[in-house]
Amino acid sequence: MNEKIIYLDNAASAPIRQEAIDSMISVLENCYGNPSGAHKMARKARRLIDDARDVLSFGLGCDPKEIIFTGGGTEADNLAIFGVHGTRGGTVIASSTEHHAVLEPVQRLGGKLIRVSEDGSLDLGHLSSLMDEEVRLVSVGLVNGETGVIQDLEKIAEIIKSQAPEALLHTDAVQAFPWLDVASSAKCADLISIAGHKFGAPKGVGALVVREGIEISPMQLGGGQELGIRSGTQNTAAIVAMAAAASVTVAERENTVERVAKLRDALADKLQEIPHSYETGVELENGKVDRSNKIVGSCHFCFAGIESEALLFMLEQENILASAASSCSSGAQDPSHVLAAMGYSRDLAGGSLRLSLGHATTREEINIAMEAVPKFIEDLRKTGS
Amino acid sequence: MSGGVDSSVAAGLLQKEGYEVTGVTLKLWGGPSDTGCCSVSDVTDARRVADNLEIEHHVFNFGDEFEDHVVGPYVRSHAEGLTPNPCIECNRHLKFDKLMRRANALGFDLIATGHHARVVKSNEGLAVARGADSSKDQSYVLHMLDQQQLRQLKLPLGEMKKTEVRDIAASMNLRVAGKPDSQDVCFISNVKGSRKKFLEQRIDLRPAKVLDKEMRTVGQVDSIEMVTIGQRKGLGLSGQGDPKYAVEINTEKATVTVGEKSELYCDTTNVKDLRWAGLPYPGKVEVQTSAHGRTAPASITSMVEWAEPHVRVAPGQSLVFYDGDLVVGSAIAL
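Sequence lines, in order, name chains A and B.
Read the first sequence against the numbering used here and you will find it ends at 385, with the numbers running on by one and no gaps.
Read the second sequence against the numbering used here and you will find it ends at 719, with the numbers running on by one and no gaps.
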């Protein structure tokens with residue numbers, strides 16, 4: 001067995017950037033004052049948080065004052081949806097392939113879901129048909145967590161503006177940030193969620209961008225931190241680490257994308273050779289696979305006649321760590337709502353595999369995965385499990 | 386590993402014996418009535434026990450198969466007025482088919498469970514036999530295992546009393562040593578009225594007339610699907626003289642006929658799916674008609690011929706035949 005961990009689950013959590021660790025430790029050791037306090041260590045903490053806000057504002061294409069730090073992506077999504085609904089009421093609608101952090105709040109508010117096409121892109125006709133003057137918020141993720149499919153937010157924003165001018169656009173950009181220039185891709189969004197652990201910061205920290213002039217109601221009340229929108233003592237060290245990770249992510253993004261695209265394409269081309277394999281979110285033209293509608297970190301397939309859990313188990317025996325659909329709280333693999341929405345049968349969706357690459361993924365790791373995955377699939381198909 | 390004390394101890398014992406053990410918890414169910422062997426808190430218990438033992442632990446989601454082979458048939462059986470046994474179907478289709486195939490595919494040699502039963506040598510090769518703790522014996526729900534399944538099965542608790550199992554759990558410092566035994570149907574909560582609520586969500590429950598032998602209406606039940614042969618309570622008859630029992634259920638006509646206790650007794654029980662572990666037994670066997678019921682002697686021809694009049698077996702129930710402790714055959718009551 002190969003000794004080293006081959007980590008192909010970056011979409012679940014990316015490895016932590018050294019810059020994030022260093023900055024975090026420094027804060028933990030030297031700047032433990034409460035950022036809401038008055039003395040000099042408190043003021044220092046406050047300054048670090050505001051500096052972090054400045055750094056992130058570049059990556060997000062917003063004013064620093066528009067950033068609300070949260071305890072992660074789920075909290076940012078919840079705050080966006082309940083927060084907007086709290087001040088504006090009306091109908092909330094979301095793409096049917098959103099993360100549960102969006103779907104659950106939308107369902108709680110009795111909202112509606114927008115269909116997607118087979119390739120995972122939003123069904124704009126259906127979006128149009130759902131638009132009426134009651135709609136106050138539309139939530140469409142910039143990049144899907146399972147399939148890596150990118151949505152065209154510009155087009156979506158146009159439809160919203162022309163048919164429901166009162167409605168705001170929220171985008172969960174949690175999966176987008178490592179790969180896309182969110183500042184431009186999500187420029188048209190009124191609210192943007194990000195999560196630190198997807199791009200090299202620790203878990204438990206994220207942010208919500210709320211464009212100036214938009215009022216949202218807070219979900220937790222208290223000391224009035226984060227402009228009164230998100231009370232609770234800020235996690236200085238995690239916020240600083242997130243800014244450090246964002247900074248290096250943005251600086252290296254172009255190079256990372258170019259390098260990882262080659263690795264992903266090699267891997268996906270290899271998996272295309274497996275009989276009865278279906279790569280999601282791609283277009284096939286004259287035998288060529290067009291993956292331009294996906295982020296380059298995503299290699300996502302469904303394999304007929306196998307079960308994800310068995311495949312993942314075998315990959316793990318070779319130290320290859322990956323996932324299938326989103327994991328439920330028990331750790332079991334739940335059937336994918338994303339693939340169901342894209343029209344994949346439950347059986348085929350049950351054989352899905354998400355290999356998600358990251359900034360640290362190497363050619364050597366991809367070579368090992370390219371050999372292991374086809375072999376295990378063949379083995380599993382032979383045993384009929 | 387269900388997160389209960391039995392499977393936890395089974396894992397611990399095998400590990401002590403030197404087996405390379407991997408813990409698996411099946412996620413079978415996630416509905417609102419999630420109280421039994423498949424709830425998230427039980428998965429956590431199982432995982433923490435595995436951590437304790439320093440073995441790997443995985444959760445397999447067999448929810449679709451559970452729906453297809455256990456929950457769906459359970460509901461349909463009730464709709465037909467039968468009394469199903471979902472634990473048997475779960476063992477048959479999930480633990481000893483689906484999981485066994487998965488285990489084989491992943492390169493495991495054996496699977497082990499915390500059932501109180503034994504695998505013993507017999508004329509046919511191997512057979513299921515009662516566990517040493519007669520009050521906890523689970524051979525009834527394992528009766529259907531074939532030679533291939535038995536060859537790959539370890540039941541480390543078969544020779545033990547439950548009290549010993551709890552003592553071992555305590556001595557191994559397993560956090561579940563004092564956890565209460567699970568019971569009843571795992572996908573339906575133990576709270577009173579839950580079974581009805583569960584069935585209501587899936588089928589239309591129909592009211593039925595309660596008739597006496599002369600076909601006079603003497604009462605009413607609000608759902609015929611909830612009535613079982615031999616049932617006395619809940620028929621709306623209280624205060625009407627001698628106790629009466631459901632002796633016939635006709636789901637088509639939506640009637641329940643009640644009668645005296647003596648009418649519940651019968652000399653024979655018609656069966657289907659009659660199956661012997663080896664050659665048919667010409668003589669008498671002991672027949673058990675429910676998971677923890679007593680046995681009664683009978684001869685098995687094309688039907689079960691009771692040595693003494695026997696209380697009627699609810700259609701759909703499994704009848705398991707024993708020779709001493711050994712499971713020798715089975716059938717399903719018609």
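Don't read these hints as lab results, they were simulated from the structure.
This structure is a prediction, so every number in the text was calculated from the model and none was measured.
Beta carbons are placed, not taken as given, at the ideal position from N, Cα and C, and that holds for glycine.
Among the hints, erroneous ones may be present.
As the list claims (entries may be wrong) - Under the rule of at most 35 angstroms between Cα atoms (straight-line distance), these lysine-lysine pairs were calculated in the DSBU-like manner:
#, chain 1, residue 1, chain 2, residue 2
1, A, Lys4, A, Lys65
2, B, Lys483, A, Lys382
3, A, Lys4, B, Lys483
4, A, Lys4, B, Lys638
5, B, Lys401, A, Lys382
6, B, Lys598, B, Lys547
7, B, Lys564, B, Lys594
8, B, Lys546, B, Lys521
9, A, Lys375, A, Lys262
10, B, Lys646, B, Lys539
11, B, Lys646, B, Lys582
12, B, Lys618, B, Lys547
13, B, Lys483, B, Lys598
14, B, Lys546, B, Lys598
15, B, Lys669, B, Lys646
16, B, Lys506, A, Lys375
17, B, Lys669, B, Lys521
18, B, Lys521, B, Lys539
19, A, Lys382, B, Lys539
20, A, Lys44, A, Lys112
21, B, Lys483, A, Lys375
22, A, Lys375, A, Lys270
23, B, Lys669, B, Lys657
24, B, Lys564, A, Lys203
25, B, Lys539, A, Lys4
26, B, Lys547, B, Lys401
27, B, Lys577, B, Lys547
28, A, Lys203, A, Lys288
29, A, Lys382, B, Lys546
30, B, Lys483, B, Lys401
31, B, Lys539, A, Lys112
32, A, Lys112, B, Lys582
33, A, Lys270, B, Lys546
34, B, Lys577, B, Lys564
As the list claims (entries may be wrong) - Label pairs and their calculated CB-CB ranges:
#, chain 1, residue 1, chain 2, residue 2, range
35, A, Asp132, B, Asn489, 30 to 38 angstroms
36, B, Asp494, A, Lys112, 29 to 37 angstroms
37, A, Ile5, B, Arg591, 13 to 21 angstroms
38, B, Asp658, A, Asp347, 46 to 54 angstroms
Taking the earlier hints as the rules, which of them does this structure contradict? 1, 4, 6, 7, 10, 13, 14, 16, 20, 28, 29, 31, 33, 35, 36, 37 and 38
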